[in-house]
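Enquirer: Sequence:
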Amino acid sequence: MIIGIPKEIKAHEYRVGLTPQGTKTLVKAGHQVIVQTGAGNGVSFSDNDYQQAGANIANSAESVFTQADMIIKVKEPQPKECKLLNKNQVLFTYLHLAADPKQAELLLASGATCIAYETITDGSGHLPLLQPMSEIAGRMSVQSGAHHLEKTQGGSGVLLSGATGVEAAQVLVLGGGVVGMNAAKVALGMGAQVTILNRSLSKRLEDFQQIYGSQLTVDLSSQATIEQRLKTADLVVGAALVTGASAPKLITRDMLKLIKKGSVLVDVSIDQGGCFETSKVTTHDKPTYVVDGIIHYCVGNMPGAVAQTATLALTNATLPYIRKLASQGYKKAMQEDINLLNGLNIFQGKVTHHAVAESLGYQYSSITF
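Numbered according to this note's numbering, the sequence shown spans residues 1 to 369.
It should be emphasised that the hints constitute simulated quantities derived from the structure, not laboratory data. Every clue listed holds true.
If you anchor each label on the Cβ, the simulated ranges turn out as follows:
#1 Thr225 to Glu62: 48 to 56 angstroms
#2 Gly38 to Glu358: 34 to 42 angstroms
#3 Glu62 to Gly30: 21 to 29 angstroms
#4 Asp285 to Lys257: 25 to 33 angstroms
Here a beta-carbon is modelled for each residue, glycine too, at the ideal position from N, C-alpha and C.
Using the sequences and the hints given, assemble the complete structure.
Expert: Structure, rendered in structure tokens:
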């Protein structure tokens, strides 16, 4: 199979879809890899690194898309990339279609087979290709939130750890999944008082609470509980996820009046539409805006800021799936692996994932190979 790696063109996206080491693995397996020139520059992978791994270098995205049977990316294709796809190609990347009707429209028109990293499952129902970026985004949410709490950034001037004789900051994490747990770990490590609100109290959360004792509170999520906790929160991390669907709105505009001025909301769910009613996508160029005195941080590609770590982690997760798709062909690979089939969002102009179809108002189409 011919596998194409275009350069990412989303604003401040420095990651690349495949490392040179991953390239070498695919070439050794008998596949051809075409990499757009400069695709790895943001993570210090040169064209020569890819050539040494056996890749061919293309001078343009158009050249990559024209030649490749399967396109491997990191972020969702931008409009001009969607228009380069055709019905004979497989696109394998993060899509997050529920919050992006325009992208869905363009991908449906392309006729391409579009497989989303974020809806592939494993035998336990987890999301193995979402997990590495969720870990990173969760950890970054607190790092970024702490920075924007600084007075010089427009925040309230609160230090997460507090100081001798001064209470630590209050961090509220909405969601106890991969993002939420990683956000909590970093906040706890920085000395904050942390509360995790989740729809259920799993043994994993109970064990987590035992480790940190009084520094951590775990409670059931409800509107009443969220409203109560917002009154004391200095930093709120939105970490709600419904696989493939739009994120639930956990904080309404009216609830902002409960929050102290200068506090920070970090919406990690923004790729799926955001879990705060007042959320709108921002970029690393201008990551925040203020609503009713509350700072909102809603960067849509947070891990892009730590591109080297993120690229290595992503290739570690995606490479086995890329090899399977390339070696078996997408039809056989999905026929033999229901978890991979769960990643199929769009096929031959039809929406093939229940939650995506429901979120966008399309008819769901069941596909069997």
